[in-house]
Each structure stands twice: as C-alpha cells, then as structure tokens.
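A.B. asks: Start from the sequences, fold in the hints, and give me the full structure.
For the protein sequence lines, the chains are A, B, C and D, in the order given. Per this note's numbering, the first sequence starts with residue 4, numbered consecutively. Per this note's numbering, the second sequence starts with residue 4, numbered consecutively. Per this note's numbering, the third sequence starts with residue 4, numbered consecutively. Per this note's numbering, the fourth sequence starts with residue 4, numbered consecutively.
Bear in mind the hints are in silico, worked out from the structure with no lab data behind them. One or more of the hints may lead you astray.
Treat identical chains as interchangeable: a pair holds within one or across any two.
[Claimed, not checked] Subject to a maximum C-alpha distance of 25 Å in a straight line, what follows is the list of computed PhoX-like cross-link-like pairs (lysine-lysine):
1. 205 <-> 279
2. 198 <-> 80
3. 281 <-> 14
4. 14 <-> 330
5. 39 <-> 64
6. 87 <-> 330
7. 80 <-> 281
8. 39 <-> 73
9. 73 <-> 205
10. 64 <-> 205
11. 281 <-> 39
12. 73 <-> 281
13. 198 <-> 87
14. 330 <-> 198
The residues making up each chain are set out below.
Protein chains: 4
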Amino acid sequence: MIVVMASGASKQEINHVIDRLEGLGFRIHLSEGVEKTIIGAIGDKTRLNEIALEAMPGVEKVVPILQPYKLVSREFKTHDSVVKVGDLEFGGSQIHVMAGPCAVESREQVLETAEEVSRAGATILRGGAFKPRTSPYAFQGLEEDGLKILAEARERTGLKIVTEVVDPRTVELVARYADILQIGARNMQNFFLLKEVATADKPVVLKRGPSATIEEWLMAAEYLMSGGNYNVILCERGIRTFESYLRNTLDLSAVPVAKHLSHLPVIVDPSHATGKWKFIRPMAMAAIAAGADGLLIEVHPNPAQALCDGPQSLTPENFSALMNDIKKVADVMGRFI
Amino acid sequence: MIVVMASGASKQEINHVIDRLEGLGFRIHLSEGVEKTIIGAIGDKTRLNEIALEAMPGVEKVVPILQPYKLVSREFKTHDSVVKVGDLEFGGSQIHVMAGPCAVESREQVLETAEEVSRAGATILRGGAFKPRTSPYAFQGLEEDGLKILAEARERTGLKIVTEVVDPRTVELVARYADILQIGARNMQNFFLLKEVATADKPVVLKRGPSATIEEWLMAAEYLMSGGNYNVILCERGIRTFESYLRNTLDLSAVPVAKHLSHLPVIVDPSHATGKWKFIRPMAMAAIAAGADGLLIEVHPNPAQALCDGPQSLTPENFSALMNDIKKVADVMGRFI
Amino acid sequence: MIVVMASGASKQEINHVIDRLEGLGFRIHLSEGVEKTIIGAIGDKTRLNEIALEAMPGVEKVVPILQPYKLVSREFKTHDSVVKVGDLEFGGSQIHVMAGPCAVESREQVLETAEEVSRAGATILRGGAFKPRTSPYAFQGLEEDGLKILAEARERTGLKIVTEVVDPRTVELVARYADILQIGARNMQNFFLLKEVATADKPVVLKRGPSATIEEWLMAAEYLMSGGNYNVILCERGIRTFESYLRNTLDLSAVPVAKHLSHLPVIVDPSHATGKWKFIRPMAMAAIAAGADGLLIEVHPNPAQALCDGPQSLTPENFSALMNDIKKVADVMGRFI
Amino acid sequence: MIVVMASGASKQEINHVIDRLEGLGFRIHLSEGVEKTIIGAIGDKTRLNEIALEAMPGVEKVVPILQPYKLVSREFKTHDSVVKVGDLEFGGSQIHVMAGPCAVESREQVLETAEEVSRAGATILRGGAFKPRTSPYAFQGLEEDGLKILAEARERTGLKIVTEVVDPRTVELVARYADILQIGARNMQNFFLLKEVATADKPVVLKRGPSATIEEWLMAAEYLMSGGNYNVILCERGIRTFESYLRNTLDLSAVPVAKHLSHLPVIVDPSHATGKWKFIRPMAMAAIAAGADGLLIEVHPNPAQALCDGPQSLTPENFSALMNDIKKVADVMGRFI
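C.D. replies: If you want it as structure tokens, here you go:
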C-alpha cells in the first residue's frame, strides 16, 4: 500500500502515519519528494480494513497495491480451477450450456423445455422457483412446488439443475433440490445470503451485479470461498450504462479480465444482458470466442406467453440452431460443447 | 401503454396483439402511420406484468406511459406525506438531522457521540450494529450488543434511533430496539428483506441503490407500501458514475424529482456519497437548498480510529459548525432544524 | 411521436398542442384515458426539431416513435451497404484488418510496421499524424511529414492508409494523402468537423464517442450522409463506465445493434477499448464472432518505446499470431480475411 | 509515480525499468515486498508522457501520484483566481448570473430577453449564434447576424455577452463580438479548438464534457492556460449516467472538488443539466449553496416557441422569481448577486 501525504503535511503528521502502520506490523519505505512525501507499507493486506488511514491528518490518498481478495486470486492459485457438478466439469475443455425458462411456471412447461434443451446439447437446466421481481405486483414464483418440478425434470432427462437462492432462510430448502445454487445479480452484495450459501455443500453460480466492478465481484466470491465454499463459477450478465437500446451492456472483456485476476471459471448470460432474443446469438458466439467456460441461456416453449422475461427467451428451435453455431466457435477455441 | 409495431408487421400480427390486450381488459386506440402502426392501450397498469408483449411477433417496442408504481405516486396522493417517528415529523417544516458513527464500536464511543450530536441539534442517532461489508475480513458489527448500546444512548439523550436491517431473519430483533429501520443502498432490491420490513411496525429509511434509477427506488418503496408499511422516508446517497475522485456522485436532482413523482419525504446522506469529510459541508448545504427534508451524517469522536468509514466522518466540532450553517439555509427555505 | 399530457391537463392545453401539431402538418390520434390523455402525431419526423413540445403547458413528456435519423437507417436501405476503398470492400464477405502504430513517429517505424502487418494479412495501415492528446505536454504528431511517411508506406506495400482528421482546417490536407479519413471518438460530435468531412471524397471511419449512445453515433453518421458522404464505416471502440480495470468497456453488442438499426458496415477497435495488449486477442476474436466487418488494431515494433499508447500495442509477432486466430473465427462466420 | 511490478517479474526486468526512469532524470526508491516489487519515481511529471512504462515487460501497473496538470492546480496557485470580464469579477464575493436564450433567433427575442434579465439582476447575456446540434436537420444558428444582435443588446443594456465558439476557423470572428467565449460540453476535448481559443484575448467559460472526469476537465483548462489564456471559468453542466428522468445528472460535488483541486472559478448550468424548467430553481439554489461562483441559465420570452431547448427555458417571470430566491442563498454564503 502507498500512502500519499498532502503537500504541506508536517513532519509530525508523517511520523504519526508511520507509527500507526508499524504498530500494525507493516514494514515502511519512505520517499520524500520535492512536492510530496510517499509512504510505502508492506505487510498483511487483510489488516488494512482495521485502519482509516485517509482520515488521519496530512494524508492525501491511499493507493492499494495488492488486490483486496486472496483466495480467489491467481496469486493464491496459479492454475485454472475446475468446478465439478456431479460428473460435469466447469473450467476444463468442455463448455457447458445452462438453458431453460426464466421462471418455473408449470410442470408441462419445464418438462417440455428440459427435453428440448437436453436434445440440443445443454447439460444443465435452469429455472427460477423464487423470483426476485422489481414490481411487487409481478409473478413471484412457485417456490417449493417449482423446485419439485425441476427435480422431476432432472429425473427424466439427466440434466443437472441450477436455480436461484434469494433469501438466507430458504438456502437449505433450495439446496435439497438443486445441483447448483445461483446468486442473482442484485444479490451479489447481499452478504448475509453469501455467508449462508458459503456453508452449503453445493457449487455456486455467482452473477456479477449490474453495477459491480470486477473487483467487487471477486470480493463477493471471496465471501463464498472464505466461508468454505470453493466451488464458485462466475457469471457475467451485463452492466448498467447510459446506453439504453438493450437492457444492459454485456461486458465481454470481463471474461478474460476475471480469468486473468482469478483462477475461477467464468460463464456468460447473454439473455439478461441483451433483453432481446434477436441479439442472443451474436453475443453467445462472441462470449465463447472471448474465452467463456459456459453460457446461461433462457429458452421458453412459448416466449410470448412467458410470465417473466419472454422478450429475451429463445424458442427451442432457435436454441437448437444456436447450439450448432457455438459448437463451431468452441472448436476454433480448442474446446467442445 | 403504447405498442410500436415493426415496419412490415403483418395485419395478422397487429390483430394478435390487439386481441391479447383486449383479452386482458385494455381499451385500444389504433394509429396506422405510413411507416409504423402504433397501438395505444389503456387499462390496469398492474396487469402489464402478466404479458410479454415484446416477445410477440411483429412488436418493435413497448413504451409505458404510466409509472409502474401506484401507492408511492403523486397520482395516488397529491399532498406531501408526513412520516411520524414518535413525536417527530418528517416531511413537514422541520428538517431532521440523523447523526452518529458508521458502526457501533463501543459503549463509550456511542454515548459520547450521542451527547455531542444531541447538543448540536440532531434529533436522531444513527449507528450500525449489523454491518454489510465489501470484504469478509472487515469488522462485521456488534450485533445485538450494539443495539443495546444504541437503546441506552436513547435513554440518556432522548434521541431516536435509526439503524440498518440487513437480513430478513433479524428484522424483528432490530425492530425491538430501533425507532427507524434503515434499508441500505445495496439492499434496496433485496426484495425478501423489503417484504419482511413491510410487515414491521416501524418507519423505514430506504436508501437509493448506487446504480438504481429513481423509478427503481420508487418501486422498492412500493414494495414496502404494498406490504402495509406506509411510513417510508427516501434517502439519496450518491450513485455510481465514471467519476472517481469522490466515492460516488451525489445526485441532488433526485431530491426534487422524487418529490415531484412521489409524496414521500426525501433525505440526503452526503457522508457516503462523498466519502471524504471535507466535502460534506458544501453538499449538506446544497441538499437543504435543493429541498431535502433531512440529512444523514456520519460523526465519530475520533475518525482516524474508526473501524468503518473514518475518512468520511466529521468530528463533533465539525458537525456542530455544520449544524449552524445549515440552519441558515433552512431558514432561507422557510424551514427550521 | 406520442405526446403524453400530464394528469390534470386542461381541455384548452390539449387543444393547444393539437393545433400546434396540425399546423406543422401532423396527423393526430387522440386517446383519452382515465388518468392521462395521449396524443399520437404522425408526420415528417425531421420537422420535430422545430417544436419545443415539452415546453408547452400541460405536456408531461414526448415519446419519439421513429428514430431521428433517416439515411443511415434500415428503413432507408434494407440491404447492407458495401463501402469501397479502392478495390477493397467493407461490409462484404471479406473482413478487413487495419493495423499500425497509434502515432507516426518516424519513417523507419512506419515502414517496418507496414511491411510486417502487410505480411500478416492486414489490408490497411493505420497511423496518426495529427494527435489529439489529453495533455498539452504530450507528443502532438508529425503533421504533414507524418502523412508523407504514410504515403510512402502505401507505395511500398500496397496497403491503403487510414488516418485521423482532427481539425476542419486540415481535412483537405489529410484527404490528399489518406485513403480513409478517421473521425476520432472525442470528435464524434464535433459537428463542424463532420460537415467538412462530409464534403470530402473519401470513405470515413466514424468512431463511437466513449459516452455516446448508439443513436447519437448513428446521428453523427447522418451528418456525414446528409452532407453527401455515403461511405461511412462505423467503429466501436469502448465506452466509459464505472468499471476501471481496463481503459474502457468494449460494447460488442453495439455491433449487432448498429447493424440491425443501420445498413452501414461496423468495425471494432479492441486496442483503445482495452488499453492493455494482453486483452486484445480475446476481444478481437469476440468481435469477429459478434459479426464485425473489420478490426482496427495497434501494432508497434517496440511498444515500450512508443510515444503514444504503447501499453495497448501488439508487437508484430503477436499481431501475426492474432491474424491466424481470427482467420479461424472468420471461417466459422462464413467470411474470410 | 509508483510502478508496481508483476509478481514474478525478473531482476532484469526490474533493472530495465529503473534504467529507463533514471535515464529520464527520475530519482528512484525501491521497495521489495514479499509478493511484489514497487518502484517509486520522483521527477518532472510532464516527462511521463514520453514513456510507455506499462508496455515494459514485468510491469503490472503504473500509479500516478501527482496530478497531470500544473497551471490549473492549487499547488501552482494557492489562492482563488479572480477572472475579470471588463469591470466584473468572477470568483470574488459577487456571484454572477449569465442568462438568455439557448439560440439567438431574432432581434426582438434577444433584445426583449436582454432587458428582462438585466432588470432581474443578471450581469451577462448568453445566446448562441453558432449551434452545434445533434441532428443535421435542426436549426444551426444565425451565425454572424446573431453575433451582431448580441452586440446590439449589449449596447442597450450594458450586459456583457457570452457566446459559444464551435470551430477554430470562427474563433476570431466570435471574439470580435463577445466578452466571454464559451466552449461547449461536447467540445471540451476538441483540442484544436482549445488551442485556438488559448490565443484569443478573451475570458473563457469551459463547460465540463457530459462524460468527462473532473481531471479531464482540468486538463482541458490546462490546454487553455498553457496556451496563454489564464482567464478560465469552469462550468459544470451535468454528466451522463444511467439515470434518465432528467437529461443529465448535475454533479454539484464537482463544484467543491474543482475548487479544491484548482484555483479557478466554477459556475453551474442547471438548465442543460436538468432539461426541464421545473427543476432549475432547486438546482440553482443548491448550486449557490455548494459554493458556485455563478450560474448560466436559459431564459426565453416564449419557451414553447423556442427553436432550441424550449423545455428547459425559464420565462422572464420565472427567472425574476428565481433571482430573488438565490439572492437569499448567496447572502447565507456571505456573498451577493
């Protein structure tokens, strides 16, 4: 960490900062410039949270040098993590596609979709039983009945199940049915939910918050790992910008950046990012070409009747065509689907 | 609601949309332009969530005309709401200042701060007992012990207590001690927490999420009101932008806009928005001049020793000077503190 | 266009708006709802700029239905435009790569780079002779001497030349040497430069401004087309967001969106977007997979000595390896490089 | 400047960086940590532009410690600059209000507005003769005829004139008529225009670009000052964010921040920021309370007939009422209007 003292900071103020840092076990390097004095501090980065250096008199700014996360970093683990979901491996040479409806609406809808996406090559079925909705007047999900429908679809098709957890009180319930727990974008910094999921014995898909930096996303993953759950799959799903034609701006550079800073697998959700089904195909192709380890795609047998996010759902036919296209890109990347 | 059909939409596609809307009880106005056909639909806006119009063939876009919220809107209630906290009134001619430390750290710290801010004219004491922190390695709060300290400070000073709720499982516990429940910025769309707080018999300070639109903020308030809790105080605390000198960009125009669209009182938190105590004074002055009904300000007896957010905390002396300044602005606004 | 009247707008106010619109030749559809009255207006969209409807009493908001651009739109021309640069075609099945240094620094640097990128398969040489720099103390370019060096490189390699125009006073000078004029991101809304370039007899690469919406980008293209220059190539180069690890956030969804709304070819500049050479390869691959018609890539024989943007420049070796990789993606897309 | 070397950087790479910096005259401080080596470099910051340190092998990132600007900084000049416009002083205890129409439309319109705003207490008349417009089909200004009208209004009222320069070719023409040259938000980084204006013998209002950081804004001011024009008045006019209810988000914290980092006066334009006249009053009040040295406000005798930006224009009556209100806030600030 570098502490930049204000021009005009007194000798006493500088010494005060040094004493503070040394008291916490940091080793100090002092650089006295013409205009400013700079204090370099080397030591245990997790102790930085204990001090409010910027509040000390004479301090202009504090520049962190090391990332605030540890377990998720490439420094902690240099080679790529492979997250196992039963016999499936995320982060290896196989690219996995998670597909299914936004919300579990009925047994027929889910079973039909499961059959279709399985036939097209998806390995995981997605579907929400608890729906966090912007409007209190919108459909809120079938809850445990929805989870049972997903479990039945797994029985029939062999697909694994990924579904969202939204409330610390129901994590255990959801974990009884799901193969992968999903933490939604708006819950990325719901730290009490993260702590609960950290104790569950299930892999987790952690969506990036729509206005989270990559560093904050990795810090949320650190919550899961420091709580004991090392099976974290990161998911980019679009960020909020001033551009408004699509729902969000898919930040595909987050894929190579997250894989550069961290050892965790990264998947992409082009459905929520674009919000319009016509743009899912090019963004799914691009995601694979950018190095994504998987995709999360909304498929609905009848998008115009969907209770949630119909405009961004593919029909089974469109999904099947998409799978053919992305297989070719995976091949160029030396991977397979 | 206006449905804009794509150029080239067929007669059949247009009729399909009309049938769908009429089936849901909407009244239809059809405008056939040279380039595009436009369908106006008038009816119960809360039913719009049931339909995925943009997924229907031939539909280019859907333009909502009415706001998606109802109970928080000026249409629902034309005059300003006054939220009562015991004998205090938010939204009337008195401007209330909530002050205190970011986190409850010790009995001494809280009692000392409470005395000081009370003497300077604050009417409410703030302090966090449960702390949602970006880093799992940072101080997480004193929990119920912290709540007890706040209650003792209330006994001694007569100040009301505002403190954050972070987990649906502890809302009831917090409500036992607090006068006002605070929903933090990152929990603004934690809908399961909102639903729980909606059933609590306490006023709520609802912070705007750092990347929430004003409309989404009002929708979160709608969750509280539609769940039965009408005592909602909105709080602007800065939004995330590309500008990085300060922690966030305080959006003071949100004050008159939220008061234009809604009848709820609006307060401002310049401490979190700026993240640097030097900028709190001008932004607090500006907030009152923009029409805010109150302020939320961090005060700590020794900012450089604070376990949380020291750099943005005022000393009791600075806070006292600030109170003198904002009283003059309040006077210009025809209000008092 | 839809005019939404405020709840409580008087009959007289509504009639006033209708009179105004009818006076300008618009055809009117009136929808009187329970809460609000809506006026639909159909007519010549270019006349909308003449009226300040939102300033009229009783008007709540105005919702445009048609895009504000005409010549760049898919409605104006349904099939893809192919922009010719000598014998090269942009927007056809060949994908073109423009490569070269950020700035022309010396004859040797440019000639060496030109040979290398030509050998690797680039068809166009890029290089700035006039450099718009954030700092007045930074290298500002070789000006006409730089243009002469670029022309010599063209002689030797057969590469076409793309270079930036920055000032209406030097457009003619630059056009004497260049095959393609580039309008930089920060000049996207320099309307007096656009008007001058519109009269030049050269194709134009129009970069999207770092905080421009796609609609504003297309409006800038409309300036060029309405001024007589139909040979416009759009270039996405990253937008400014709160995410700060990379220089900008490359908005690859802008590629399919711009091609959906417009008939113009779209290329991508991953060098400026990422600002770090390590991330250029995945983003270039992704750009082709998203449907881009070309790439603009910085190559420098010795990035660490570059006077401008060294950190984002590829060495000739890395560029050559990249070309091999993107050829495979182009092949999957049914295109070639 | 701090150079952070990647973990695993070789001794040779570290020495290479040190040699490079010492060769440019920098003094070096080396800190070898367990995980990373950090190189501190002290020297002439304007030489940093000559080196592409981040492109050197083994370098992870470069952290600037000093601001990139010099002449605009508080280090260069510790006390507030006062910019003189004839007998008026910007940055002293008087707050100046610049008022008038967005565009000069006719002699009658300008003369009437000038009389009205002068009577209400404005000291400067604004009005655009050259209009940079997003749409090529919109009204583009009366050009020199407009300037003549403004000059006539000055004759009659004694108001000073501020008007926008948009093209380096017409700076001299505009400077012949205007008292203050305005650089519009979209031209903030039109460096060739800045260089031309730097040589004009007139004070300049420099608007912040809608997506410019405060640092970039100050760098644009540095262009003017390093080119010889020290009479720069900064103007905050709203930034682009995801919030879309108002045209832009007025960043009032930019006022104290710019005044903290720089010695230049800062004014605020609430008209462009909000885009809706109803919100101008609270934001103008807040701007004064935040410490602004002046305001720029659109006034039009008949907003609904304005050729440009009618919805954000005040009527003369509303403007007059506003002046009364802000005088009271100025008084609280120990200033006058």
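A.B. asks: Please go over all the hints and tell whether each is borne out by the structure.
C.D. replies: Hint check results:
| no. | hint | result |
| --- | --- | --- |
| 1 | 205 <-> 279 | neither (31 Å within a copy, 36 Å between copies) |
| 2 | 198 <-> 80 | within (22 Å within a copy, 41 Å between copies) |
| 3 | 281 <-> 14 | between (63 Å within a copy, 22 Å between copies) |
| 4 | 14 <-> 330 | neither (64 Å within a copy, 38 Å between copies) |
| 5 | 39 <-> 64 | both (11 Å within a copy, 21 Å between copies) |
| 6 | 87 <-> 330 | within (21 Å within a copy, 33 Å between copies) |
| 7 | 80 <-> 281 | between (39 Å within a copy, 20 Å between copies) |
| 8 | 39 <-> 73 | between (31 Å within a copy, 14 Å between copies) |
| 9 | 73 <-> 205 | within (21 Å within a copy, 40 Å between copies) |
| 10 | 64 <-> 205 | neither (41 Å within a copy, 37 Å between copies) |
| 11 | 281 <-> 39 | between (55 Å within a copy, 20 Å between copies) |
| 12 | 73 <-> 281 | between (40 Å within a copy, 23 Å between copies) |
| 13 | 198 <-> 87 | within (21 Å within a copy, 35 Å between copies) |
| 14 | 330 <-> 198 | neither (37 Å within a copy, 43 Å between copies) |
Hints 1, 4, 10 and 14 from the list above are not met by this structure, while the remaining hints are.
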